[in-house]
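Asks: Chain residues, written in single-letter form:
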Amino acid sequence: MCILGFQKGTRLHLSLARNSRKIWVSGLGKRSVFKINNRDQLRGMALVSPTLIYAILLLAVPLAVIFLFSFWTQDYLTLDRSFTLKNYREAFSDPLYRTLLFRSLWVAGGVTVVTVVLAFPIAYFVSFHVTPKRKSLWLFLITIPFWTSYLIRVFLWKVILGYNGVLNSGLIGLGLVDEPLTFILYNANAVVITLAHAFAPFAILPIFVSLEKIDRSLIEAAQDLGESKYQTFRRVTLPLAVPGIVASCLIVFIPTIGDYVTPRLVGGPNGLMIANMIQVQFLKLNNAPLGATLAVLAMVSVTVIALVFIFLNRKYLRSRS
Amino acid sequence: MKSRGLMIYAVVYLLFLYAPVLLLPMFAFNDSTIIAFPLTGFTTDWFSELRNTPALHTAVKNSVFIAVISAVLATLLGICAARAATKFDFPAKRGVMGFIMLPLVLPEIIVAVSLLVVMVQVLNLPLTNWSVIAAHVLICTPFSIAILNGAFQNIDGALEEAAMDLGETRWSTFRLVTFPLVMPGIISSLLISFTISLDEFIIAFFMTGANPTMPVYIWGLLRFPSKLPAVMALGTILVVLSIALLILAEFFRRRGLRRAGLKDTGGFL
Amino acid sequence: MTKPLIQLKNVTKNYGDVQALRGIDLTINEGEFFSLLGPSGCGKTTLLRTIAGFEDVSGGTVMISDKDMANVPANKRPTNMVFQSYAIFPHLSVAENVGFGLRKSQMSKVEKNAAVDQALSMVGLDGYGSRAAHALSGGQRQRVALARALILKPKVLLLDEPLSALDKKLREQMQAELRNLQRQVGITFILVTHDQEEALIMSDRIAVMFDGEIAQLADPQTLYRRPNSRQVADFIGVMNFLPATVTSVGDTVTAHVDGLGAVSLSGDQFAKDVQTGTAHVGIRPETMSILQESDTGGANVTAAVVEDRAYYGDMTYYDVRLDGGDHIITISMKNLVDRAVLERGEKTRVAWNARALVLFND
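Chains as they are written, first to last, in our numbering: chain A, 48 to 368; chain B, -3 to 265; chain C, 21 to 382.
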């Protein structure tokens, strides 16, 4: 799935730049249209409508239903349709849900930072130090591992990080440690490592795209004006790569919240996240309304954090310009 | 100097990325039921075991069926939306396109539970392969649109005008000029959607009925240590197939660029 | 010869609030090489596209061969177009490109192939039929686009800035070839260009457009020598403008021109609605001469000082200040063997001819 991180990144990058009309327009392509008139508007609407109707029926309606469900309650097999905030009260008062939600946000934040920090040098390397002909090959190499079955990949990290795992036996074999390391499996660390691996191309590709867009003469200009290589990087390259970094962060952060496979396989009891609880509520406890409430809360927190992040970032960019 | 440091980092990073992929065949051919080092010997038993597991065959058939239908439907919806977005202006275009692309940035569990609630609790429908297809079309369509947007954008609008100027109708213009030029994009979209659907677990786990998809079946196997070597063998086969598909997709992408008379800008997809 | 082929009556085109065309009235004749000339955004391409059928008109009528084109789509019109980007189908060979429009014709396969060969030969691309379209150079693409449009024997060939993508040498060569081709096939050509030189070289008639309107419609010589407004004069070539006061209006007009003194202008040098009062006169740089000491000059000689000069090799452009005037004017002189190039600050005399002047009302 990760091969599309490129597209995914570009896309998000464009939507982030929504206030700048130019970028958006260039994203949606040239408007070399036969005729721009009402007939064409109708054609456009007719053409987009199958996709739009599909998305409304299978996305907008279900999301609305989930929202509605979060105000209902489940009494064993019967669904009580009276409006109540009981689920929300329960979600806020029970420390378990709070812990899981905060842990999810915390882990997702950690995954985001680790993934993006590890990814940036790679994107930079491919964009600036690889000859143009080889770039496609490098991107190809980066994306290939992500076409391995996701489940099997996560499972293999369990094998690598385990008590008798590949990493520990390797370290002991080399005499670097005497006893197997235990802090790397069945906890949040393992979740961070595994997800940092899973989302690597999602983080690399948007940053790569933004680095590719930088006019190389800007860097020569900065050096011509007396900046050192490091200062040029700090004052020119990095600020221009910010949109890509922002896109990377969001692209890693948002889906991480929704993952329940990695926490289940490598997280141990202290690595479980909110998505695991949502899954349990729906599939095991048969309490769809409470599950819906948790889903709504997860979605709201993700959205709020993403918006605050974008807002702060915009403010930062504006203050610079 | 700096470049060499980066190069070393890049190689180490690639090792990190490839660690699971490299381990996979080692355990798949390892003559031991325990997935751990040291390796004990060479065997192809685990592959034979796969051949003798009818439940797996059913799961694979289900998954392939779901992936093929999802890929075709997602690509058809993708063609409509991408064409509309690149060719026409319509009211609230940005909002409409943003909404259609939303599944790209929505946590998958949200998509999964909301669809589950609608299908089971509201519509009271049984969960079948078609419920998985419905969900997979939803998540594959944005990927398809992203690919096809690029393909449609690469076509010079004057080409379509030229065909009309030379006597073709709107429809025959699309058939003779537009369609051949976006064909490589359509093939990429089909391959990518197919692969996404084939590997998707989070949603499929919620939406499968009595017949599990392949990832759901694998998830079940992961609980049984004795089945793990066979999972490794299955994983190896999947990696090889995915890489073959990827190379095919890349081949079509390059051919598309050549056909459109464009230079390869080095971007993958 | 002058049979009307295309008639535009009060054609308007609006994009939202923007008026791209503001009531165009225009008749283009059979067999004519007609140019639409103007700066970018003046509406010339929009006008061409309304004739081709790619744009609906907001008002007015477009007639081709006395038939109203209102409900005739682009693919049914007797026009063919050469696009600015050439729009060569990249997935087809050269022959397939050229034969694209023959798909629905009644011709046999052999006849179609012969027609393609003939069209290719007409544009000097014999034997290129099997080449891949993307392997062509810019000039070759241009020729393929021409052959592809002409093979359908349209009544009108529309050319949208067809030479703007070519380098200077190739452009000059193609200008001559296009002109010859038009004479050879006898089809009406309508050329859109922003290059005034190109329009002058190639056209029988030129319509100069500004801001969605036709500012002047004339043959090249009239357009150059007798532009009807300062805007047109300024757009085509170089024109000096000197403030003047019109003192009497009749069959001839008398005016006092800054630096030149009193002049008398005859019929074609001023507009019919000329009035007494302030105005400007225009004079082209090459219609005046810098005199050497030995030259006697003609009736009109004015003393002047060289303020600046630019040496172009074949020509020298002088900026001179005329005695008794505040204004600097430009004069171009051929660099003949026996003629010295003057330096800044040198005193000289300027000879001019009153017939070269054009009067513009303020």
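These are calculated hints, taken from the structure and not from any lab test.
Check before you lean on any hint, since a few could be wrong.
Claimed, not checked - Restricting the straight-line Cα-Cα distance to at most 27 angstroms, the calculated cross-link-like pairs of lysine-lysine (DSS-like) are:
1. Lys331/A x Lys223/B
2. Lys133/A x Lys260/A
3. Lys205/A x Lys223/B
4. Lys260/A x Lys223/B
5. Lys367/C x Lys189/C
6. Lys362/A x Lys260/A
Asks: Give a verdict on every hint.
Replies: For each hint, the structure was consulted:
no., hint, in the structure
1, Lys331/A x Lys223/B, "holds (25 angstroms)"
2, Lys133/A x Lys260/A, "violated (51 angstroms)"
3, Lys205/A x Lys223/B, "holds (16 angstroms)"
4, Lys260/A x Lys223/B, "violated (48 angstroms)"
5, Lys367/C x Lys189/C, "violated (39 angstroms)"
6, Lys362/A x Lys260/A, "holds (22 angstroms)"
The structure fails hints 2, 4 and 5 (numbered hints given earlier, in ascending order).
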